[in-house]
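K.L.:
Could you put together the complete structure from these sequences and hints?
Chains Z and X are the protein sequences, given in the same order.
So that you can map any letter, position 362 of the first sequence is 362 in my numbering, and since no number is skipped, the others follow by simple counting.
So that you can map any letter, position 92 of the second sequence is 1092 in my numbering, and since no number is skipped, the others follow by simple counting.
Watch out, some of these pointers could steer you wrong.
As the list claims (entries may be wrong) - Which stretches of chain Z does chain X cover? Using the computed rule of at least three CB atoms under 8 Å from a CB of chain X, they are:
(1) 44-58
(2) 174-184
(3) 192-202
(4) 453-464
Since the hints were made in silico from the structure, they are not lab data.
Every residue gets a Cβ at the ideal spot worked out from N, C-alpha and C, and that includes glycine.
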Amino acid sequence: MIEAVLFALGKAFYWKNFLYITLGTGVGLIFGALPGLSSVISLSLFLPLTYGMDPMSAMFLYAGLMGANPFGGSISAILINTPGTAQNIATVFDGYPMTQRGEAGRALSISATSSALGAVFGIVILIILLPLVRRVVLAFGPPEFFLMVVFGLIAVVVAARGNMMKGLFAGGLGILLSLVGRSALTGTIRFNFGTIYLWDGIPLIPFMIGLLALSEMINLGAKKQKTIATTPVDNVLKNLWQGVKDVFDHKICFFRSAAIGTIIGIIPGIGGAVANVLAYTVAVQTSKHPETFGKGDPEGVIAPESANNAKDGGALLPTVGFGIPGSAEMAVLLGAFILHGLTPGPLLIKDHMEIVWALIFGLTISNILASSFGLLLARYLIKITRINLSFVIPVVTGVCLVGAFAIRGELWDIYLAILFGFVGFGLRTFGFPIITLVMGYVLGSMAEVSLNQALMISDGGVKVFFQRPISLFLMILILVILFIPFIKKVESP
Amino acid sequence: MEKFLRPSFFLIFIFVSFVSFAEAAPDNYPSRDITWIVSSAPGGGFDTYARAVAPYLMKYLPRRVNVVIKNVTGGGGLSGASMLYRAKPDGYTIGYLFYPGIAIVAMESDIGFDLNKFTPIAQIAIDEQGFFVSAKADIKTLSDLQKKDPLRLLTQPKGVTMYSFCVIAEKLFNLKAKMVTGYKGGNEVATGIMRGDGDAGILNLNEFIKYVKSGDLRVVFTFSEKRDPLTPDVPCVTELGYPEGTAVRSWKVIFGPPNLPANITKTLQTAFKKALADPELKAWVEKTEKPLAYADGKEAWGKLQKVLTVFKKYH
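P.N.:
Given below as structure tokens:
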């Protein structure tokens, strides 16, 4: 074991491999920041280029591409309310308000710090759990998924506080939209208006680009604002340092969100999109002052950004331990393994542990590099928020529309983005929170599928939720959260 | 100067038209990059095979051009199929169609085009399926399966190939099956079996054999004509007396758009045949245990038609 570690470590610092990691990091950051381009796309683009490379060098390149991506995506999420990737959706909720207050630097450094630390957290857990991989991966089944999703959906109510009717309406609308497409349960195609386009549901990225980014561009245009930042940016360096401190001041939020991210990563088939939204919703729920979320609460950036990086470490667990991809990126990685003549599966750890270590070191180094680049470049990136909006709006709109098209080359993705741009603008204007809509959308269809699966497995008995240890734990947690407000009321006179 | 302008333009015009006509002439095929449409996301089985074979296809084409993989997801393979259908039959667009998957979709709904019109080029692999159970389960033979009541089969939802495989198996072998759907793919089904969500599933043999080697899963029988070299101790359906069970297989066949000229088809077929015989590619096959098997388009199409009659019977 030690030989494999030292071997991989040595290789990581061999100049050629280090160059690959750096190249991957740079590309990963750019692909992350540009809406519509994702790590899955970058991995598939680089696949053929790695044919001739030796497997370990290829792994370093892939690790670079994957590691830098979540942080890259947070840059556009924070600066222009556009999630660069599906893993940064929740970052816009508090990251962008911070930018509007002139605290973009703080938000960026919160993201950089939580991303790097979150990645390390995920990797440490990966290393600890590797010998137990089988038991861990198999411990989470449909009953556990369902309860986790319920936990997240309860947060919709908490997030809607002060605006209950509209909040719940938006949440419900989100859930309804998540049901469009072929049901994983029955195979019937729902709400697709007879088209192939909506067969697999509403495509996530164009939907988010429209709902979050385009609606904000329309909003900014309508408000006749001069720049994105409504208050001038104060001392940039102080801002940056404050952001780093923020993560350490909110340690509990960080650890909890990184844990959620890691667990979601471990569960095969669920990835960054759910991780960041779920971490955010849990942060809202467990906060002592949930009303500050959505207005620029640092925890609102810490949560999603730690979760989405931690998930990479978690996702490696089923991928290398079992050969089952823990996320969409891992699925491409598995394809890469096969192309390089490695057989993924339970025997990979035994026969090729150095490949696993190459990925581990690659991810760690790439995250540290990406976050450092980010901090160094922050003061220049922030300038975007001070450029006159008559330049920013058209450029961002253009980039978003191109991004929406670039994913699949599908013209209708652009139309969808525009449609939801207006829908989002309308919702905002009439006081409907977008946050709850997004929560409902991301969690909705999963709730339906996992509940039904859980019931099918146990032949319709609800007791399945109480018979399994993790389910029981989650069930108790949910009941506690639901009844805390009542207990408080009873206690105080 | 002007005196030469008009005749020069005229000559350039003639030259350019000849060149463009020349480009269209099949004798120069291929003279630019060929697009290979893969109707699934990067990293899956179809995609990996395509990326493995593409470089060797490039090697054996009469001219050096790139073969570019284009992933077109959506509609359970329909988006890719529809893109292939509408492509120009000039040999620069080829693609996989999922069989029997796409035929199942066509049986259930109107897909807007006729599957029979595609030009079959070559088959590059047949994926044998196995009936998998957990290694911890007390199920070792077909009769054990038939006795289990209910037999929980984990599967993808109705309309997807795996579900139809399960329906055929249920009716053919008289299983007291209960379908548990909601699983997104083979990986989720395998994990579900290992986790104990259900009893069994029908999975790609070469993809999931690694779990047999690690002691997590067991194959009760395979849906192949003969015993599969990956599982020499496991009986196949013909041995067990159910030859119709061989319809449960997944086919990787390359098609061209309708009305592809015969000589372009022949060029591609020869290239595929040579690619699959290439020693380097064969070494990859050995190492990764991903079987490749060449058959020309017509032969593959004939076999597919027979398979589809079985599907229609049990659907």
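K.L.:
It remains to establish, for every hint, whether it holds in the given structure.
P.N.:
The hints, checked one at a time:
no., hint, result
1, 44-58, "holds (count 4)"
2, 174-184, "holds (count 3)"
3, 192-202, "holds (count 4)"
4, 453-464, "holds (count 3)"
Comparing the model with each earlier hint shows no violations; every hint is respected.
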